[in-house]
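K.L.:
The lines below spell out each chain.
Number of protein chains: 2
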Amino acid sequence: MLKPGRVQEEIRRRNLGTLLRHVHLGGPLSRAVLAERMGLNRSTIMALTAELTSAGLVREELPGDTGRAGRPSLVVRAESERVYVLAFDVRVDRLVAARVGLGGTILDRREAVRARAGADLHDVVEVLAGFAREMHGEAPPGPVCAGVGAAYCGMIRRGDGMVRFGPNMGWVDQAFGTELGRRLGLGLPVAVGNEAHLGALAEHERGAGIGFGNLIYLHGDVGVGGGIIVGGRLLDGDGGYGCEVGHMMVNPYDGRPCGCGSRGCLEAEVGEQALIDAAGRSGELTGREGVRAVVRAAGEGDLAARDALCRIGDWLGIGVANLINLFNPGLVIFGGMLREVYPGSAAQVHERVAANTLVISREVRLRTSALGDDATLVGAAELAFADLLAGPLETLALLTPPPVPERRALTRP
Amino acid sequence: MLKPGRVQEEIRRRNLGTLLRHVHLGGPLSRAVLAERMGLNRSTIMALTAELTSAGLVREELPGDTGRAGRPSLVVRAESERVYVLAFDVRVDRLVAARVGLGGTILDRREAVRARAGADLHDVVEVLAGFAREMHGEAPPGPVCAGVGAAYCGMIRRGDGMVRFGPNMGWVDQAFGTELGRRLGLGLPVAVGNEAHLGALAEHERGAGIGFGNLIYLHGDVGVGGGIIVGGRLLDGDGGYGCEVGHMMVNPYDGRPCGCGSRGCLEAEVGEQALIDAAGRSGELTGREGVRAVVRAAGEGDLAARDALCRIGDWLGIGVANLINLFNPGLVIFGGMLREVYPGSAAQVHERVAANTLVISREVRLRTSALGDDATLVGAAELAFADLLAGPLETLALLTPPPVPERRALTRP
Chain W
287 MLKPGRVQEE IRRRNLGTLL RHVHLGGPLS RAVLAERMGL NRSTIMALTA
337 ELTSAGLVRE ELPGDTGRAG RPSLVVRAES ERVYVLAFDV RVDRLVAARV
387 GLGGTILDRR EAVRARAGAD LHDVVEVLAG FAREMHGEAP PGPVCAGVGA
437 AYCGMIRRGD GMVRFGPNMG WVDQAFGTEL GRRLGLGLPV AVGNEAHLGA
487 LAEHERGAGI GFGNLIYLHG DVGVGGGIIV GGRLLDGDGG YGCEVGHMMV
537 NPYDGRPCGC GSRGCLEAEV GEQALIDAAG RSGELTGREG VRAVVRAAGE
587 GDLAARDALC RIGDWLGIGV ANLINLFNPG LVIFGGMLRE VYPGSAAQVH
637 ERVAANTLVI SREVRLRTSA LGDDATLVGA AELAFADLLA GPLETLALLT
687 PPPVPERRAL TRP
Chain V
287 MLKPGRVQEE IRRRNLGTLL RHVHLGGPLS RAVLAERMGL NRSTIMALTA
337 ELTSAGLVRE ELPGDTGRAG RPSLVVRAES ERVYVLAFDV RVDRLVAARV
387 GLGGTILDRR EAVRARAGAD LHDVVEVLAG FAREMHGEAP PGPVCAGVGA
437 AYCGMIRRGD GMVRFGPNMG WVDQAFGTEL GRRLGLGLPV AVGNEAHLGA
487 LAEHERGAGI GFGNLIYLHG DVGVGGGIIV GGRLLDGDGG YGCEVGHMMV
537 NPYDGRPCGC GSRGCLEAEV GEQALIDAAG RSGELTGREG VRAVVRAAGE
587 GDLAARDALC RIGDWLGIGV ANLINLFNPG LVIFGGMLRE VYPGSAAQVH
637 ERVAANTLVI SREVRLRTSA LGDDATLVGA AELAFADLLA GPLETLALLT
687 PPPVPERRAL TRP
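Chains W and V, in that order, give the protein sequences.
In terms of our numbering, the first sequence is numbered consecutively and its last residue is 699.
In terms of our numbering, the second sequence is numbered consecutively and its last residue is 699.
Derived from the structure by calculation, the hints contain no laboratory data.
Note that this is a predicted model, so its numbers are computed, not measured.
It cannot be assumed that every hint is accurate.
[Said to hold, decoys possible] Chain W stretches covered by chain V per the calculated footprint, using a threshold of three residues with CB under 8 angstroms from any CB of chain V:
| id | segment |
| --- | --- |
| 1 | 441-453 |
| 2 | 507-520 |
| 3 | 523-534 |
| 4 | 610-616 |
| 5 | 636-646 |
Idealized CB from N, CA, C, for every residue including glycine.
So here's chain W without its partners, still in its complex pose:
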């Protein structure tokens, strides 16, 4: 419950966080625009900006050419070079690491192709920590690392980033977050999230979903992950394991076997191998390369490839229609490999949506991901920035401890 005593302090903290979030997500903004967006007067904006400036989180500067005569207003800009996070992305087919500045600028980036199965926790963590060391080594001296975030292609326990179930890598109960934090040695916890959850957050904040309060993000690779925004917030459920759209059973009769042990799950019917098999290319390229080969062949007129995309579109459409009936969203986003598959399957998806959703729910847009394969990495960066944006000065104070006073010798020499 609210107690009057702590209220002023709490308001200031929230306002600082909100202003920083506006600049972080919206780019350089004038005080006038900030005042309007936050519903505060300009003198309050000035005071908040001054606090954030002296903390080194933003700076005020002249904007680029405004194309208008007269003296332009100063804009408030995030200090992207001074404050950054580390973002990691453990994908089915590669490991990615980035140094991302406040404001969302990717300052540096590394990636390595990963063999599909059997990667050991320690190997993965070692590669990621190595990337972080390299990026640190090449960074100019001085900037503050404000957080660490990681996306992982599996089910993640809230709180400690334990991978409970990562079928693509054969991981069960692997202490990924803890181990990565230990190996990085920055004294910072690693915030870990499911890749599709983080893709949804990223598209919601920086991609195709800006301004949508209710959206569904479908992330295709070996399987199909989901991230669902309900009323502006990620749906996570009791344990953080919600949004498992891939295991919605759509084909109860002759369904394809699924990695979860069941049959006929959405991801069994529309995942990478389903498409490749449907195109009659089972012995050829696998994974993303195999998907691309089918999509390319369809574009060149290959009928089997076209039929395969239609078949995938039909099952995908059933899944999407079910989700529209459940969530009445404004937007459905196709990400990961579904971004490449969707254009060739869109007619079937639309047909199913028209046939299987209630008329009233149909005011929904279907789009491909705007952030592409970086959606999950960008989501990991946003996860890493969360504490800083919730309480900028408190978080910064924890990161940059005051200089330790010199110890006086206890006895004179």
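Please build the complex by placing chain V on the supplied structure of chain W, with the hints as guidance.
P.N.:
Relative to chain W, chain V alone:
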């Protein structure tokens, strides 16, 4: 954004609402318990209680026999006889109206059996308004009507209570909320909600779902409605049309035709008629009576009836497993006719949940509705109380306008 000037006022308003909500939902509570639940000190609780008491919303009194020696603490109790709402429930098979006192006591109640199809908006509204007049006539003089709520078995537009689609009564775009409000003549708007949404709210606040932040309520009758609580709030989606679990396609091959025009929807496979047909009783009793006959026969050993319940349980289990994968809820509640069907179908539901949900999501309880057929009515009452609980004094001020001063004659006689 928060502005310091209005903060004290806002805190007081919220605290008054929160205290009233605790007493409304939790029954008579001592100041000590209120202080603990709200995290406030006792003198603040005393001041808040005094304000609510002088507004006539609560009173303090000695509790019943506490079974302990010594002077018992006073308890704060809702003024159930002085402040009430009107709640209406337009069900598939009947019309219900109730006068519900603050604290949730049903003070008076009327109901009429309704023919299943073709009821006209004006007929329905006339019956409900007639019930309201009767209940007003028999009520003691003095109490304040603080709101009006109605549950309707169809899709409801937010804001004005327009029934966009009520397939069971053949309603499309019928101005139910507006028309009922006009006919009641109380000068109060009617808050209308979908019956399953309101059933979910009622079970969450007063029934099987107390304390669960994430739950799914399935309401069976002709079809299957859903109400889903995500993070303590009802999922409604962009237009308020979310939670349509009944139109989740579960049987894409030889699905039964559904009232929505599609085939193989969950409600086509597990609704009343599906059970009756599966039991080989198509020409006999219909609706709820038909369902009860099948359940009764199964209890008496009729094999066809037992098989029918198993068949329904299998489809229901697919739907429930899909929902568990999506929402990672703590609880699934079976309401409406599913409350009667579930016990005979539970084995199949559990089997499907075990086979088709990811291991990690399985910590979920399956229960029947605690409020039974009154869940939707109770939900309508809670909807009617919402404004009062959000801002008790402001709402009350709007309801009981200050006495109009006597007009002086402009010229002396």
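K.L.:
Taking the hints in turn, state whether each one holds.
P.N.:
Checked hints:
Residues of the segment 441-453 of chain W lying with their CB closer than 8 angstroms to a CB of chain V number 3, which satisfies the three-residue condition for coverage. Against chain V, the segment 507-520 of chain W contributes 5 residues with a C-beta closer than 8 angstroms to a partner C-beta. That satisfies the three-residue criterion, and the hint holds. Coverage of the segment 523-534 of chain W by chain V holds in this model, with 11 residues showing a Cβ closer than 8 angstroms to a Cβ of that chain against a need of three. Counting residues of the segment 610-616 of chain W whose C-beta sits closer than 8 angstroms to any C-beta of chain V gives 6, which meets the bar of three, so the coverage hint holds.
For the segment 636-646 of chain W, the stated coverage by chain V holds: 6 residues have a C-beta nearer than 8 angstroms to a C-beta of that chain, and at least 3 were required.
In terms of the numbered hints stated before, the structure departs from none.
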